[in-house]
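Q: Each chain, letter by letter, is given below.
There are 2 protein chains.
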Amino acid sequence: MRIAYAQMKISAGHPDVNTEKILRLIDEARTQGADVIIFPYMSISGTMISDNDLNKKSALNDLRYWMSEIISASQDIFVIFVAEYAFLPDVPQFAIIKNGKFIDERKFPVKIKVALDDEVFRGKGRLCLRFISVPFSFDRRFFDEEINRPVIHVGCVGIQNTGKTVYTFDGGSAVFNSRGEVVQVAEPFKECLNFIDLEKIDKMPALELPKISEAEKIYRAISFGVKNFLEQIGMKKVVVGVSGGIDSAVAAALYTKVVGAENVYLVNMPSKFNSSTTKNLSEQLAKNLGCKYFVVPIQESVDWTVKQLESVGFEVSSFVKENIQARDRSARILAAIAASVGGVFTCNANKAESTVGYATLYGDEAGFLSALADLWKYQVYDLARYMNEKIFGREVIPQGIIDIVPSAELSTAQNVDEGKGDPLRYDYHDYLFRAFAEINLSPEEILNWYACGELEKNIGCAEGLVEKYFPTAEEFIADLERWWKAFKGMGVAKRIQSPPILAVTDCPYGSFQESQNGWHFTKKYLELKNNLLAR
Amino acid sequence: MRIAYAQMKISAGHPDVNTEKILRLIDEARTQGADVIIFPYMSISGTMISDNDLNKKSALNDLRYWMSEIISASQDIFVIFVAEYAFLPDVPQFAIIKNGKFIDERKFPVKIKVALDDEVFRGKGRLCLRFISVPFSFDRRFFDEEINRPVIHVGCVGIQNTGKTVYTFDGGSAVFNSRGEVVQVAEPFKECLNFIDLEKIDKMPALELPKISEAEKIYRAISFGVKNFLEQIGMKKVVVGVSGGIDSAVAAALYTKVVGAENVYLVNMPSKFNSSTTKNLSEQLAKNLGCKYFVVPIQESVDWTVKQLESVGFEVSSFVKENIQARDRSARILAAIAASVGGVFTCNANKAESTVGYATLYGDEAGFLSALADLWKYQVYDLARYMNEKIFGREVIPQGIIDIVPSAELSTAQNVDEGKGDPLRYDYHDYLFRAFAEINLSPEEILNWYACGELEKNIGCAEGLVEKYFPTAEEFIADLERWWKAFKGMGVAKRIQSPPILAVTDCPYGSFQESQNGWHFTKKYLELKNNLLAR
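The listed protein sequences correspond, in order, to chains A and B. For what it's worth, our numbering labels the leading residue of the first sequence as 8, then goes sequentially. For what it's worth, our numbering labels the leading residue of the second sequence as 8, then goes sequentially.
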């Protein structure tokens, strides 16, 4: 039995587009001599659709219409798909079609077993099918070592989004022999129709799967996600504000690779606080990438805003001036340039900044998509080095940008030439924030570990950093509380209004509910804190 | 048996604050001679908390600690509450406590029956308790006419939020006699401890409940919501951009009533397109309200931005200039003023604009809260008239603002003195958009109704409007498709980054998932369209 399995690109919410492709794939499979073709989970509608989209009669009738087109196209070939069952209760959930009608599983030439994601196969079939519905970022590979039967995994490629989160789907289609060894694997993130002969599976040699680094995995997912998201919203031109810092440099390099240098507009927007160092690094970056480069200073506009406000009686503190600069860059300049060229501008925030809201709303927190906001700062650096080495094969991101102290350059307190920068010590805070955001720990757990000297080991940062940055318990606690309050306070308020985030983990911001309820410290935390401070 | 039922204000995510209040209420009930006190649903933790907040050991232990404080405080009084059961499986879901321990329901002096929201009471108890967990905006009153037993409803007051949506809770606490008549009712939106003697309930006369208008209901909920949200985030000073239009005028009046004129900063930000008419109306509004009033023109800054962009080679179209104005007002001026005074600035968008994204991101779509974004334009007008008549007792919102054509005044095409304004005909589009957003209809249903002449009746707008605005099917369809695409396209993209919305209905934007998948027209819609156009 010759089996075709389609690692199809699904366009969520577009049954017309998906059906057209399904019909083409059925034709191709038939032409290539397949007896059966298998489609990924919910390939007509897609899985991530708006809550109300299918919840109406006209939409369900439409789905039935497209399904009927597929049913009509099943001449001389078995077509297998998991129907959009939640919405069409009268259609079999696991559908086998041939010659224009649903057929009973028992009439299929071999016994089939079906499972979704990591479900256990019950009983045994001659052919086991595993439908994969989870995105790439969930990072689950489902092996089937104890099945004693061949297993085919079928997944889709493409992107799907839930509004606040954009997920990439890498497919994950593969064939396993009865010993649980991979004998055929579809290229990740690539739409393709694959063929296998059921009888040959157990005679095929096990494949050695290539090991890839974390940076490579991230690069693949992010570049694929960005490319597909731009296509989906019909945009090609991308405006990136470049500061001479690492995040914007990585964004610039990434988008250049995805849409081509001719479609990327790099804009440096210096105020009086921006050093020649970072201005030169920005220019060097643009030269290396071959992108259009613009310098649009903001000092006059910032001064004018301050003057206008003071002229009607407001006092403008230096902290307020910092955020005026950030908003001037994004909401005044970048948004207008993007609109002028008929494109979009990017949000370059990383996950550490997003955790504690260390970004200005309508300023550097703005943009059409946050491609890097599910990456910790160290992962942004890793990605920079990876792209220089493997993607460009030369130093497109200047080493100076990788080496310089991270700084928003919004005041003299952040003078990079004096080695001053952000209030975040990323080699420690990356890990503290990951404990908050991904491991779901509270200050109570953190302080407990601190008290017994096990913090660094448990959160995964380098040994000695806690002692180095916080000589006393008082300093440690002040830092912990500062960022916990930021995480649960302004951080939440800012995330509510931030752009969609491209998922790399299974817990990007936006993928779970966050209520604007402020912070809380547990009774035990407060007791422990008092004990530590009283020592 | 003397029963106290606490219409308590719950602070979601703050078990320490809630427990302190619960202990005080227990004391008060005991002092006032109550035999039993009943608390609202999940009164220790609140219901709308961040997804991960209770999903950790330290948080559950903390909850247990606060629960133990309540248990210890139950000397000589029965304390009844619905435990935070989803998180503490070993604690009885419906808990009765006395003298420091959980007691069995069967040891309570009378038989109790419990229901949540609109659940049916099974069997009969001498005392029936209905715990109310849904917000005000769900607008469900639960009557118990066929119970044949007294029923006590217990609900909380306050606000709770899910990030994108802020819900108000009006309490809804009341006592019904065996005939299902209300005999006691707690004041909506007010925290209070109420008492009733179980034996007297059936002897009490039925209360005549006051009828209140929709505008009054909305005003109560919104003013309560805004007040409590500001308190919750610790803000008092409010900056409102006032254009001379209806939305900003209603926002200005609302916030003035809530925080007092001394805390409200009204800012008019004219460009060359703003008429003397609207400038004068803004000033009149500020005088009527007694608020601080500032005029901060944006023309110089807009011209400067255009000049800067052109100087580096970009072409700035008139459409791009429109949005530059909107962002200049919010992101440059209002955000900076709010930061200067240590306050917030408001988003004044209504639900019609939000539906189709007729607002500029980082411009008039920005702000700390959208207090009016769950109201259709006609409801904003109703609210204006209601506030003038009933809340202020005089014309604080000038009649000129109520009468003028709605206009963004961003170009000469929107000259109000020539009667020109927004592309929306609110008397029709309010109802079309409500059909999209609240009744969940698609263009297929709309076009079907249009074809058989039943559209106006079915969507609820005035008769004759369709014919008036769209003399031909072609014009009708062009309008329908324009706004459907806007609703499913840019509208979604903008809503993802818009501020939290104060809920008035049970389907404000942000309370359900919207994927950025673009628009789709069903096969049947396209057929019907072709038929209509071929006529």
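Don't take each hint at face value.
For identical chains, the list gives no copy identity; a pair is met inside one copy or between any two copies.
[What the hints assert, rightly or not] Below are the BS3-like pairs computed for lysine-lysine, each with C-alpha atoms no more than 30 Å apart in a straight line:
#, residue 1, residue 2
1, 63, 464
2, 108, 299
3, 286, 530
4, 530, 108
5, 328, 314
6, 314, 286
7, 279, 314
8, 294, 427
9, 286, 328
10, 328, 279
11, 131, 118
12, 427, 64
13, 279, 531
14, 105, 531
To be clear, the hints were calculated from the coordinates, so they are not data collected in a lab.
Q: Each hint should be assessed against the structure and marked as holding or not.
A: Here is what the structure says about each hint:
In the homo-oligomer, the alpha carbons of residue 63 and residue 464 lie at most 30 Å apart only across protomers (20 Å), although the nearest pairing inside one protomer, at 53 Å, exceeds that limit. With identical chains, the CA atoms of residue 108 and residue 299 are never at most 30 Å apart, being 57 Å at best within one copy and 73 Å at best between copies. Taking identical chains as interchangeable, the C-alpha atoms of residue 286 and residue 530 are never at most 30 Å apart, the minima being 49 Å within one chain and 54 Å between chains. Taking identical chains as interchangeable, the C-alpha atoms of residue 530 and residue 108 lie at most 30 Å apart only when they sit on different chains, with a minimum of 22 Å there against 64 Å within one chain.
Taking the closest pair of Cα atoms, residue 328 and residue 314 come within 30 Å of each other both inside a single copy (11 Å) and across two copies (23 Å). In this assembly of identical chains, the alpha carbons of residue 314 and residue 286 lie at most 30 Å apart whether taken from the same copy (26 Å) or from different copies (22 Å). In the homo-oligomer, the alpha carbons of residue 279 and residue 314 lie at most 30 Å apart both inside one protomer (16 Å) and across protomers (20 Å), since each shortest distance falls under that limit. With identical chains, the CA atoms of residue 294 and residue 427 are at most 30 Å apart within one copy only, with a shortest distance of 27 Å there and 49 Å across copies.
In the homo-oligomer, the alpha carbons of residue 286 and residue 328 lie at most 30 Å apart both inside one protomer (20 Å) and across protomers (28 Å), since each shortest distance falls under that limit. For a Cα distance limit of 30 Å, the shortest separation of residue 328 from residue 279 qualifies both inside one copy, at 12 Å, and across copies, at 27 Å. When the C-alpha separation of residue 131 and residue 118 is checked against a cutoff of 30 Å, the pair qualifies only within one copy, where the shortest distance is 8 Å, while the shortest distance between copies is 53 Å. When the C-alpha separation of residue 427 and residue 64 is checked against a cutoff of 30 Å, the pair qualifies neither within a copy, at 61 Å, nor between copies, at 39 Å.
For a Cα distance limit of 30 Å, the shortest separation of residue 279 from residue 531 qualifies neither inside one copy, at 47 Å, nor across copies, at 60 Å. Proximity of residue 105 and residue 531 under a CA criterion of 30 Å is satisfied inter-copy only: 26 Å between copies versus 64 Å inside one chain copy.
Of the hints listed earlier, those the structure fails to meet are numbers 2, 3, 12, 13, in rising order.
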